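Using the supplied hints, reconstruct the complex from the two chains, each of which is provided in its own coordinate frame.
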Amino acid sequence: MEVAKYSRGQGADLKALRDKKLKGQLSVKEKLYGQSAKAAAKAEKWLMPNDGVLGPYNIGYTSNGRYMLVGGQKGHLAMMDMLHMDLMKEFEVRETVRDVTFLHNEQFYAVAQKKYPYIYNRHGTEIHCLKEHGKALKLQFLSKQFLLASINSFGQLHYQDVSTGEMVANYRTGLGRTDVMRANPYNAVIGLGHAGGKVTMWKPTSVKPLVTMLCHHGPVTAVAFDRGGNLMATAGVDRKIKIWDLRKYEVVHSYPARAQSLDFSQKGLLACSNGSQVEIYKDFGGHDYKLYMKHKIMKGYQVGKVLFRPYEDILGIVHSMGFSSILVPGSGEPNFDTFVDNPMETTKQKREKEVHALLDKLPPETIMLNPNMIATVRAPKKKEKKTKEIEEEMEDAIEAAKNIERKKKTKGRSKPSKRAKKKEEDVFKAKRPFLEQSDKIDGRPDKKQRIGEEVELPKALQRFAKKPQS
Amino acid sequence: MRVKVISRSTDEFTRERSQDLQKVFRNYDPALRSQEKAVEYTRALNAAKLEKIFAKPFVGAMNGHIDAVSCMAKNPNHLKAIFSGSMDGDIRLWDIAARKTVCQFPGHQGAVRGLTTSTDGDLLVSCGVDCTVRLWKVPMLKMVDTSDRTGDNSQPSAVYTWKHAFWGADHQWDGNLFATVGAQVDIWDPDRSEPINSFEWGKDTVLSVRFDPGDCNILITSGSDRSLTLYDLRMSSPARKLIMKTRCNSVCWNPREPMNFTAANEDTNCYSFDARRLDEAKIVHKGHVSAVMDIDYSPTGREFVTGSYDRTVRIFNYLGDHSREIYHTKRMQRVFCVKYTYDGTYLVSGSDDTNLRLWKSKASEQLGVLLPRERKKQEYQDALKERYKHLPEVKRIVRHRHLPKPIYKAANLRRTMIEAENRKEERRRKHSAPGSMPVQPFRKRRIIKEVE
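Going down the list, the sequences are from chains E and H. The end of the first sequence is residue 470 by UniProt numbering, with every number in the run present. The end of the second sequence is residue 452 by UniProt numbering, with every number in the run present.
If we strip away everything but chain H, and leave its shape as in the complex, we get (with noise of 0.2 angstroms):
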């Protein structure tokens, strides 16, 4: 009588040779694995707790300003190089790997308030406080050459004075064409000496500008009468006027979506508004204490980056009505400029202390190639968290951050006096005849008038 039975011979299970790889053989049955739920969830504690352990987010600083830095530059071309200007005028180009100066482009007398770089990457633009606009040769080829330190200085190539103090600058994407501001927007020709066309509404001073990266000839404009102005060069005025109840300070593009902008205010959130509709913001990005200085977006368009005054560095999630992440050191001060570097692996805040510090936008993230097991093993953590990240224990652990006392405090503060308010509005509301008092979101709330 034929029995079957289990019989397995070691032979089918040794690899032939030992340069092999050993065989492995798969069962998927449910039934072998028992507790799978909580082996999961045991790895997801344990990776939520191990992004903590290796979250060390600062790379180094780069020093050798004598002054506040006051704005910063970058090149699509070049990712290794970042232009860095301050208030007494010393414009350095520093590169970000060493962390060394490359090269200094002394000339400016009072601060250097706007830094641009031309399309290809070869002119510098800078305009500052002496009413002058000096343009730059930039010897990227240095670059290459790392023994040569703090490098010899360059002569600029061309000098244009104008009539006003410039509080910023910006260049086209993908012309020629740049343009500063200060009384007013001018519009240059690096060839010549005088702005080819000035665009002026109202009489206040005009703070930042910055081009839409889909469209060559929109720009956005922020000014100290508390407006948002677009401009567009085809037409011979300003295109639309939003005027809120508190300063931009800096305005940027999102560069995947180029008909989103982000504005930086003094009452220290972010707006995220739509061009096409100005009446309301998209959204409201809140979290610091202080006025918001500057921001950028990430290369991917996805999150950005703002320094405040309140000494911290935050990033958002595009869509993120609250910050993903908050960089702070005790040697930090007021962050006056922050960049995003075009891989979009790293900031580069400069600050009130004359440092520039580099930091890595994903704190815990390992940098250098990375093995293929390694990749995966990163990848499953990553779908671990976000799969168990509304679970108490996991959240709690993710959402830690360490805050510096004053910002916790400040935070504490604001957060008591926005909830008094709050109640205050609702009792108002509820003794008044209905509808007399309507609710406004939050969106429009800071929103004065659009004007045409």
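Isolated chain E (complex conformation) (with noise of 0.2 angstroms):
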């Protein structure tokens, strides 16, 4: 901190005085003024480039917009309250700081370092070390289920639940390290981007992926999903953009452009970052993605992640000198609901939602891809009768294989019984594959003569009648 930069020179020499109410006077002043120079330097750190000594950072907002936590690369934390633009705590953990989330509300927060992803307080009080997880490149929260998730560097991905402690789930995605990771917000479904352009998708209830698509033909950048569940936009090595609509899994837009992240507003707007330059994207009407903004920051300077503010016209964007914010207008949802998220929180609501959001919590069972399907009625499966394509099959498979030319032995090994054995097989065989899909027992033609459902038979005599094997 270089306070001597803010004195304006050098303090009075109070000694030379001889009046004692002067000198009384002066020294409260320049008391004041050393106060002021203080103040003005720690401002200095915040609001002005600091050279880009702690590393390039990773952000992260509360759901309401209010609180910014910052954590570089070298391990500087800092959280703001952004609405007084204050400092509320900031300290070093003297590692390397790969992400940083808040949990449910600025009372926590998650950060990812070098081994293991930590869980700090608001005072900066480290809480719980998280072993499990390893080292995790990127960390997620879905705020409904209270599950914190994280992919680490061996491409495993974990679920915590933060509220009881207890490990959800932790599965090998096989695909390899990743650090592209992003929970949709619509139906908490977990979007990880891989190193061969393909993108998954994951729920803690299934160890499979519940979709796997390819995107690029290179290894993913970013992905981004939009608020209302329809879009996903991904950015490939392969110099493309794309947006995705989610229902039918098809491209809608693909700009040839390179993008290092990407985020959709609460609007639906879309931004990018590119080199030194930052392009955000509107639909203007029926998802058609066009150009809105550009915006270039200074020369040399790379930009890393941007991240769209909720509640507020602004984006940030973090680069190698630091952090700066723009002014997006049209990015932010303008009318807030009290009940969803307030950015204007007082104490007593913050704590009322909490509690609230406790008693809702969500079992993670209720991760999906459609989260509108709970509560429906669940189509009965029809059992699929043998059409008679299938039956024509059969039959021209049993005349094949009766016409086939069989081998006559010698020496009294052909006798007329065992051809008709042989030809018995041969035909058995080539009713095998329709049998497997019918329903008879051990897949052997039924020897006995059974009477089928076609005879009409008496209504005291059905009983006896072979009944359909469900």
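If you're looking for bench data, these hints aren't it; they were derived computationally from the structure. It should be emphasised that the depicted structure is a prediction, and the values quoted were computed from it without experimental measurement.
Partial chain H-side listing against chain E, Cβ under 8 angstroms, derived:
(1) Lys4
(2) Val5
(3) Thr10
(4) Ala31
(5) Arg33
(6) Ser34
(7) Gln35
(8) Lys37
(9) Ala38
(10) Tyr41
(11) Thr42
(12) Tyr388
(13) Lys430
Residues on chain E that point at chain H, a partial pick, calculated with CB under 8 angstroms:
(14) Pro185
(15) Leu327
(16) Gly332
(17) Phe336
(18) Thr346
(19) Asp360
(20) Ile374
(21) Ala460
Only pairs whose alpha carbons sit at most 30 angstroms apart, straight line, appear in this in silico DSSO-like list of lysine-lysine:
(22) Lys395/H / Lys381/E
(23) Lys430/H / Lys245/H
(24) Lys49/H / Lys361/E
(25) Lys431/E / Lys415/E
(26) Lys49/H / Lys353/E
(27) Lys395/H / Lys362/H
Glycine included, every Cβ here is placed at the ideal spot set by N, Cα and C.
The following block contains the structure:
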């Protein structure tokens, strides 16, 4: 901290004064000058570029957009109240920080440090060390289920319930190391982008991914999900940004551009960071995304992560010299709902919200691709009856089997009974693939004479008819 | 160039005085809320679980009798009061709120079989196996003074002796006549020492009687010849008779639909009839595993309570074929009489173990005055359970009731027997000529005939 810069020269020499009253007044003033110089020096650290000494930053906002958390690669962590521009807590962890995220509110946050992710209090006190996650590269918090999801350097996905501390799931993706992870806010599904160009979507209750899509010809560099749940934007090393429709899994738009990071705003604007510029796309009706704004930062500085601030028209940009934010008109939701997210929360409202969120905590089984399927009726499965085509095919195969040329053996080995038996076996072999679809026991031909259902039996004898096996 | 961006000033969002309420802003856009259905389903599940946690239906027991409680009576003018008569002739007036006896009415020499109050609640009529009908003046003002506990005994204001033992009594809803039944149906005027009218159909004992709340001249009786007989006081002879396969122990009219009545039968079912069409039961209410001894309707007319010989009390919906609720206690033996209080919140059961027990009608209800927020929350949770009650997990929790082992086993046995009988009947029907064995609905099966 360079206090000397702000002190405006040396302090006055008060020893030479004889006048005691004047001396007292001036010394008070000198003290005030010293304090204001210190405060100015502190502010400089925040609001002025700090030459990127502390590494590229990762940022996170709370869901109501009021608090921001920054974590520098070199271990510098700080939390700010963006409403009053107050620095709430700032400290150093002195090891690599790979990702930061708030938990359900600003009271707790998770930091992916060098070896394991840690959970800290709002005062900066370390509360938990999450050893099972391993070397986490990215963290995402699913707020309705209170699940902290992390992807680590071995490509393992971990889900942990932060309210009870229970590890819910732990899956090996099988697709190698990846650090592209995003949670879909519509259905709480985690999307991972892999080095082969695949994007997989995961839920905590299944070992295999829900969906695997081949999106790009090279590694995927960024993934973002729209709040409405219909759109996904992906960017890859093949210099393409694609916007996908998640209902049909088809490309809606494809741009020839690079993107280091992508983010959708509450109103559907898409921000892409690319080199030293940030491009913002907007849909002018009907998912027709066109370029809306471009923002270039100072020459030579590289833009890292971009993140829209909820409920404000602000985009936070992380670049190699620190952090800055730009105004993007029309990106934030102007009307908030007090019971969903309140940027102007009082302490009491915050406490009530936390309690209600815990009471309504969803079990991990409720995560699914279509969240509206809960409490709907599942259509009954109809038993597929043997269609006429399959029967015809079976008969053709039987005919063919009967007509094959069989070798005539000599020395009494070709008895008619043996020939007939061989013929029957060939017919059975031809019928076998069709029988597997039907419901006969053992796959053997029924030698017993059974009365079929087509025969009209009186009611009393129907118990002796062969019932179709279910 | 003017650019429009969101700008919020904290002034608009802070309240002016600390006594003011915080301002609430709403945006009903569904895009702001994700996974709504899952949240609602989780809330419904939690609501079902909470209902089970708070389900404590037993309020208290009123003890004092020294023999089994045989009958009870209540009056709409006094909500806190209930009369009970026991098998040794002791009649008591209870204060339900304090669960104490206010007053005793000694005098009967044998079991008290019928108890009823007059329309204005000032007169209590009791009749018993000692062939007497006693009228008592009821000191209702004593209820206010709770310091006066087991109270002094009262003298009957009139004692009428008659020729035969009595089995039941009931008072008109609107007039001043009351009816007693025993060997025959007698109609009394409280000022006369002899019945003013008598009805008889057959020589069998009549077991219980009820006046119709809608029409003060109609009454229904159940007899030991397995019949239900309808009488009209304006006519000189009984109106209609319905003979069933088993005897009905008790009958009750629906207070909100006075043409319908429900009869509690010995064959463990309750049958609801429309009095205008007696050839077929409207609904058969199944559930008990032993004879149903008594039945009473809630003042809303939407549910009724039954007490049975199998030591349980069940609450049925008036249109429901299975019970909504079952109450049992280890200490409660054969239940002989049940009554719903006139505010619909409580039910009183009198049983063989000389106690009257007070139960809540809705087991998880919070009694007392609720704050508006509490009430709204309760209504929301009820609506959630109603909406999701068909889903398997919620249904399992809502339906679950703990049954005592003898009842559970008896119910399983009954189910096996009924299924076996149904199967056999199906087979007989299959093996006989089509049309020779007509299918008879269960509602008609237990009725033999209707006689004019």
